[in-house]
Amino acid sequence: MRGFLWNYLEKLIGRIERNLDRIKVSVPQRKLKGFRVMVYQFPFEPIYTVEKTLEFVDQRIREISKYNPHVVMFPRYTGNIFMGLVPLSGKKLLSEKGKKIVENYGVIFRSGYISILRKIAMSTESVVVGGTLLLSDEKEEYYVISSDGDIVATGGVKSIYKIFKVNGVLCSFMFPKELKDYKKARLFIEDGGRIIFTSEVFEKPVSEWKLKSGIWARSQSLGIFGVNSSIYGNFLGSNLTGITFVSSPAALTKKLDGFVVKLTDPGSKGIAVADLDFKALESYIENLPKTYKRWTLGVR
Amino acid sequence: MKFYIGPQIGLEEFEAVDISISWAEPPLFLSDITVVGNDRIAVVYSKSEEIVRVEDFAIVEYQIPFLVAVGNEATYPEIFHHGKAKGAKLAITFERTSGIAGLMMFKYRAWAHAQESGLIIFGLADVLEKIHYGVYAPLEMTDDGSGIITEGTSTTILEVRI
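Chain order of the listed sequences is A and B.
For the first sequence, position 121 (counting from the first letter as 1) is numbered 121 according to our numbering, and the numbering increases by one without interruption.
For the second sequence, position 148 (counting from the first letter as 1) is numbered 148 according to our numbering, and the numbering increases by one without interruption.
Please keep in mind that the hints were generated in silico from the structure rather than gathered at the bench.
Glycine is no exception: its CB is placed at the ideal position from the N, C-alpha and C atoms.
There could be a bad hint or two in this list.
What the hints assert, rightly or not - Label pairs and their in silico Cβ distance ranges:
(1) D257/A - K47/B: 29 to 35 Å
(2) A85/B - I163/A: 47 to 53 Å
(3) E55/A - I162/B: 45 to 51 Å
(4) P46/A - T153/B: 35 to 41 Å
(5) P26/B - D257/A: 37 to 43 Å
(6) D257/A - V43/B: 34 to 40 Å
(7) G87/B - I163/A: 51 to 57 Å
Unchecked claim - Derived lysine to aspartate or glutamate pairs resembling EDC-like cross-links, with alpha carbons at most 16 Å apart:
(8) K210/A - D144/B
(9) K66/A - D150/A
(10) K84/B - D181/A
(11) K107/B - D257/A
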């Protein structure tokens with residue numbers, strides 16, 4: 001049974017999807033040589049109207065066009081910013097029955113969010129790693145959209161990691177939980193992967209060391225580029241924080257701190273842009289211990 | 001358990017320790033367990049008796065089992081997970097590196113391995129003929145939540161509740 005709310009939401013998303021075509025932005029499309037990644041950090045500020053949604057998309061397209069990256073990444077829960085989804089989801093707000101109803105609505109929200117990402121990707125000719133959309137307590141999905149508008153990778157927390165290619169470089173999105181298990185990251189690297197995108201958020205207060213224990217640590221121990229995009233502010237009763245950065249093995253960074261770029265203030269809007277040097281990374285990996293491939297998952 | 005990290009000669013000035021760890025030099029056998037090594041080989045003694053000679057890595061059975069890894073093996077993440085799976089609670093590593101970048105990589109990597117594997121890692125690195133020590137643990141095991149128990153070039157004595 002769909003009911004009034006379903007119809008209302010369907011119309012709302014339909015309006016957004018139709019109006020996205022109204023956004024026309026003239027942008028320079030020629031990509032630079034090399035590999036440029038652009039990472040967003042913004043607060044969790046829900047958007048409830050079609051107009052504001054379109055404004056958000058328009059602004060992002062203009063910003064991305066300015067930097068012309070190969071990949072752009074949005075933070076975790078970005079999908080939940082749109083369409084007034086927030087009051088409908090979350091453990092503190094719904095009964096068991098309510099959660100099931102909301103999960104059903106996920107079909108419409110997903111479609112709307114993907115349309116937004118697709119518009120941004122196609123307008124800027126950049127691959128968009130679209131943060132995530134929380135559909136229920138247990139269900140959170142990410143979407144990676146190619147510059148042609150195709151979904152090149154998507155999945156949830158427990159799904160097998162997907163590999164997508166950007167400008168010849170193998171990339172993957174992994175949830176922070178997956179990154180705690182180094183084996184997944186390790187397998188990905190052995191598959192030829194060189195960048196892991198993730199979106200770590202923490203509840204305040206959190207120490208600098210805790211912030212570094214995820215993808216930053218994997219960059220050091222495994223030799224890989226890591227991209228983390230963080231959202232901050234209140235989300236379903238949690239005060240979120242995190243840092244937005246691109247990490248690499250410390251030896252490849254100017255300050256030897258393992259950060260190619262890092263936004264200094266975890267509590268303000270920002271954009272991090274980094275040009276990644278894969279020649280240096282390959283050279284680093286080649287010089288890793290010769291035993292690097294000798295072991296298989298902890299078995300001697 | 002009490003640990004000593006530094007030159008063997010310094011042991012004479014300290015109270016009794018359970019495990020002493022030194023960069024390659026003649027052991028004085030002033031601790032229950034003595035571990036001396038470099039980036040190629042490490043030798044573990046119980047009192048004055050050699051019990052293990054390590055050319056890559058090994059698990060040493062003691063009051064609590066511990067992992068010893070040298071050279072390339074000490075930089076390799078799976079060694080630590082392997083050690084953990086075999087019941088080790090801590091790891092002792094010896095490696096050689098060069099320059100400030102190498103030193104930073106030694107520190108960050110050991111810290112990351114400690115977070116990933118849950119082991120306490122006693123790392124020794126020869127950086128341009130100077131021996132650097134670093135002791136790292138999972139964040140929650142350190143008072144300040146940094147995961148760093150100590151790092152530097154000074155002789156250190158530590159008591160760790162494991």
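Tell me, in ascending order, the numbers of any earlier hints that this structure violates.
-> 1, 2, 3, 4, 7, 9
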